[in-house]
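S.K.: So you can see what is in the structure, the chains are spelled out below.
2 protein chains.
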Amino acid sequence: MLVNITPEEAQQQILNHSRLLSEEQLPLLEAANRISSREIIADTNLPPYAQSAVDGYALAEKPANGKDTYWLNGYLKANDNTLVPIQEGQAVGVFTGGNIPLETWAVVPHERTITNNNHMQVTEIIKAGNNIKKVGEDYAQGDQLVARASLLTPAHLSLLAAYGQKNVVVYRKPQIAVLSLSGNVVPVDMIPAPGQIRDSNGPLLGALIQKDGGTVVSMQTSFGKTRLELKRWALSILDQIDVMVVIGGTYAATDNEARLLMEEIGAKILYWGVDIQPGSHTGASLLDSRLIIGLSGNPAACAVGYQLFVAPALRAMQGLSPYPKYLTAICSNGFPKKTGSRRFVRGQADWNENGLQVTVLPGQKPSMIRSLFNCNALIDLPAGSPPVEAGSNVSILWLDSTF
Amino acid sequence: MLVNITPEEAQQQILNHSRLLSEEQLPLLEAANRISSREIIADTNLPPYAQSAVDGYALAEKPANGKDTYWLNGYLKANDNTLVPIQEGQAVGVFTGGNIPLETWAVVPHERTITNNNHMQVTEIIKAGNNIKKVGEDYAQGDQLVARASLLTPAHLSLLAAYGQKNVVVYRKPQIAVLSLSGNVVPVDMIPAPGQIRDSNGPLLGALIQKDGGTVVSMQTSFGKTRLELKRWALSILDQIDVMVVIGGTYAATDNEARLLMEEIGAKILYWGVDIQPGSHTGASLLDSRLIIGLSGNPAACAVGYQLFVAPALRAMQGLSPYPKYLTAICSNGFPKKTGSRRFVRGQADWNENGLQVTVLPGQKPSMIRSLFNCNALIDLPAGSPPVEAGSNVSILWLDSTF
Numbered sequence: 001m002l003v004n005i006t007p008e009e010a011q012q013q014i015l016n017h018s019r020l021l022s023e024e025q026l027p028l029l030e031a032a033n034r035i036s037s038r039e040i041i042a043d044t045n046l047p048p049y050a051q052s053a054v055d056g057y058a059l060a061e062k063p064a065n066g067k068d069t070y071w072l073n074g075y076l077k078a079n080d081n082t083l084v085p086i087q088e089g090q091a092v093g094v095f096t097g098g099n100i101p102l103e104t105w106a107v108v109p110h111e112r113t114i115t116n117n118n119h120m121q122v123t124e125i126i127k128a129g130n131n132i133k134k135v136g137e138d139y140a141q142g143d144q145l146v147a148r149a150s151l152l153t154p155a156h157l158s159l160l161a162a163y164g165q166k167n168v169v170v171y172r173k174p175q176i177a178v179l180s181l182s183g184n185v186v187p188v189d190m191i192p193a194p195g196q197i198r199d200s201n202g203p204l205l206g207a208l209i210q211k212d213g214g215t216v217v218s219m220q221t222s223f224g225k226t227r228l229e230l231k232r233w234a235l236s237i238l239d240q241i242d243v244m245v246v247i248g249g250t251y252a253a254t255d256n257e258a259r260l261l262m263e264e265i266g267a268k269i270l271y272w273g274v275d276i277q278p279g280s281h282t283g284a285s286l287l288d289s290r291l292i293i294g295l296s297g298n299p300a301a302c303a304v305g306y307q308l309f310v311a312p313a314l315r316a317m318q319g320l321s322p323y324p325k326y327l328t329a330i331c332s333n334g335f336p337k338k339t340g341s342r343r344f345v346r347g348q349a350d351w352n353e354n355g356l357q358v359t360v361l362p363g364q365k366p367s368m369i370r371s372l373f374n375c376n377a378l379i380d381l382p383a384g385s386p387p388v389e390a391g392s393n394v395s396i397l398w399l400d401s402t403f
Numbered sequence: 001m002l003v004n005i006t007p008e009e010a011q012q013q014i015l016n017h018s019r020l021l022s023e024e025q026l027p028l029l030e031a032a033n034r035i036s037s038r039e040i041i042a043d044t045n046l047p048p049y050a051q052s053a054v055d056g057y058a059l060a061e062k063p064a065n066g067k068d069t070y071w072l073n074g075y076l077k078a079n080d081n082t083l084v085p086i087q088e089g090q091a092v093g094v095f096t097g098g099n100i101p102l103e104t105w106a107v108v109p110h111e112r113t114i115t116n117n118n119h120m121q122v123t124e125i126i127k128a129g130n131n132i133k134k135v136g137e138d139y140a141q142g143d144q145l146v147a148r149a150s151l152l153t154p155a156h157l158s159l160l161a162a163y164g165q166k167n168v169v170v171y172r173k174p175q176i177a178v179l180s181l182s183g184n185v186v187p188v189d190m191i192p193a194p195g196q197i198r199d200s201n202g203p204l205l206g207a208l209i210q211k212d213g214g215t216v217v218s219m220q221t222s223f224g225k226t227r228l229e230l231k232r233w234a235l236s237i238l239d240q241i242d243v244m245v246v247i248g249g250t251y252a253a254t255d256n257e258a259r260l261l262m263e264e265i266g267a268k269i270l271y272w273g274v275d276i277q278p279g280s281h282t283g284a285s286l287l288d289s290r291l292i293i294g295l296s297g298n299p300a301a302c303a304v305g306y307q308l309f310v311a312p313a314l315r316a317m318q319g320l321s322p323y324p325k326y327l328t329a330i331c332s333n334g335f336p337k338k339t340g341s342r343r344f345v346r347g348q349a350d351w352n353e354n355g356l357q358v359t360v361l362p363g364q365k366p367s368m369i370r371s372l373f374n375c376n377a378l379i380d381l382p383a384g385s386p387p388v389e390a391g392s393n394v395s396i397l398w399l400d401s402t403f
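In order, the protein sequence lines correspond to chains A and B. For the first sequence, UniProt numbering begins at 1 and goes up steadily by one. For the second sequence, UniProt numbering begins at 1 and goes up steadily by one.
For reference, chain A alone in the conformation it holds in the complex:
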């Protein structure tokens, strides 16, 4: 009897071999949702010159006699020379975001003035610096604009554009191949005979991989392929990928096809058998520094295994913290079964005024797809737990979004 390792031990084995990916440079809009591979520091102030915050008039310092009447000396347009200081008693028309003369004391909005020919009267109390955007008031030279390993948001892209960057350097996307190996799995466009099922795991993992920043290079089922053909496919795709995910073919009783395939192509087994329900018959191996991660073929087991073993690798390869986030939640409806092995129950977690609640979702058999709907949390029940009573605290692994 093999001794199963803990999911944390399995995760650590996988992370030991999840190498940071190389960089690529992308145009700003293509970099949305990618991970910056470099810290970016402001090389200038933003704004680099003082600007007007409103449409109105730049004013010279208030004259000693306190008069609020100025001589209106024209309007500044973009590109007009602003290195000429404003003269005592003068006002100059300016516009929002536009330049202002050197030594401008304050700007007054046009709706707070009365102009009469070239004379302008200010009808509001104005203080020094009013309506002037100061040099560097948004970002100062030397400020951090983007931290290394940041998920690039619209705000990042906007700020990089303001700093004149048309491109940004990010980690390249992890390249993934997916193989459904179960003997009873047929491609999606076939009608399954009794005892056969269609490959629902491939599209599940494909969509999850895309969501976590990866690219699906190839997605196959073993249906109709000889073992030789499968080995050829695995070896031929190896140079194009970072991770291969092998689903199913991990039966305990008969041949373990997943492990056999890994061994026959020369992969070194990292571990086999993890103390979890669902999906204990899983393992991982390494071939030519590429990770091959096996997942159990039952849909819920495949989904749980993805979050525990594949998603952390994808995050680590892109420079993100690989570890899932654990929180404590109140289980609103309980779970009626005793737990033998450590069990990951699919739940829907929501904050409300009473704190974080999690509801056990319907359809918890490993063979069912139903529990994946609305699932944004895995309830982590320790081995040997009694049934969970409604209202008791449970530990949940918080997923960033639903399956």
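Calculated from the structure, these hints are not laboratory results. Beta carbons are placed, not taken as given, at the ideal position from N, Cα and C, and that holds for glycine. Please note that a few of the clues may not be correct.
Covered stretches of chain A (in silico footprint by chain B; criterion: 3 or more residues with CB under 8 angstroms from a CB of chain B, positions within the stretch not fixed) [as the list claims (entries may be wrong)]: (1) 48-60; (2) 354-363.
Derived contacts from chain A toward chain B, CB cut-off under 8 angstroms, selection only [as the list claims (entries may be wrong)]: (3) 28; (4) 207; (5) 299.
Given the coordinates of chain A, work out where chain B should sit on it, guided by the hints.
M.R.: Just chain B now, with coordinates in the frame of chain A:
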């Protein structure tokens, strides 16, 4: 003096002209995060045949004498005929997800048996139906698999694959053109002179549009283009787009370039001027049933205007509920200013054990980009509000993610 309308009135004008888009059919993996345009109903049961939930043995009904010893009559493989009923006193080897003989009473896992030649003894108490996946136990014929106007998640795609669907019909992506019209905005690869700024709004909106399911067909600045060239561009792009967003050029004092452009190309103005801070100088128009939405050019005003006016249109066009979600939150740090016009303050909202908290973010001047970082909520302060004290309740517009 023009009377400004409320943001809700402006939103309603825009939604009146946000027509549901046509459909397109996509392969499953390309449909991730798209919106289904049709309800999909299960045309069969899932599983369609009873299956074994474990690797083990299908058993005939327990004999009257209560004996737990069976005659092992071979193993079933995929495609073996299972329409032959199991005989009294017999056991047949089966595997996880595989077929089981007709009239199977229960399945016992192989690790709970002792086999001796062709005799098999069950070492565990087994009840009728144990370890059998019943016909339709995951989804029954007639169940709803996908509701119309659902955001397609990995779980949806998995379920559709299980039902043999290689493709799915979704609303096509809204096609958007973005024009930065401010006279002092230069393209991102230019060095701004005093009074000029780079176009940071284009990339901001482009990334937000992509996130909300749209495609940016064209992104332009008016820099170096004559008014005639801008009109030609606007008219030439019209047939390819659903919405045009015009940023800036909405000065109150001088020519309103945005409105002028809309009028000169023959668009009918829907409204102009909205009672909000930042971004009151905004409007919208309609040309040949296409929406043209103007946004204020200050970065924060542009961002707020996007969430109030553009995002609802994109959601409505894809069949989603257009309205932003309002919640009540405790403002953890307060806001020191009185509010003249209704004001949308950028905040970071987080649930914790004390409920929903929102923090006013630094850099609240409309000209600043800084307040967009970590912003996942807009605090909606009514016109004429006093300063917000720390710890008081505020109404927030909850954004699905940060800017």
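S.K.: Does each hint hold? Answer for all of them.
M.R.: Verification of the supplied hints:
1. For a cut-off of 8 angstroms, the count of residues in the segment 48-60 of chain A with a CB near a CB of chain B stands at 6, and the three-residue condition holds.
2. Coverage of the segment 354-363 of chain A by chain B holds in this model, with 3 residues showing a Cβ closer than 8 angstroms to a Cβ of that chain against a need of three.
3. Given the 8 angstroms rule on beta carbons, the hint for residue 28/A holds: about 5 angstroms separates it from the nearest Cβ of chain B.
4. At its closest, the beta carbon of residue 207/A sits 4 angstroms from a beta carbon of chain B; the interface hint therefore holds under the 8 angstroms criterion.
5. The restraint placing residue 299/A at the interface with chain B holds, with a minimum CB-CB distance near 7 angstroms, inside the 8 angstroms limit.
Checked against the numbered hints given earlier, the structure satisfies every one of them.
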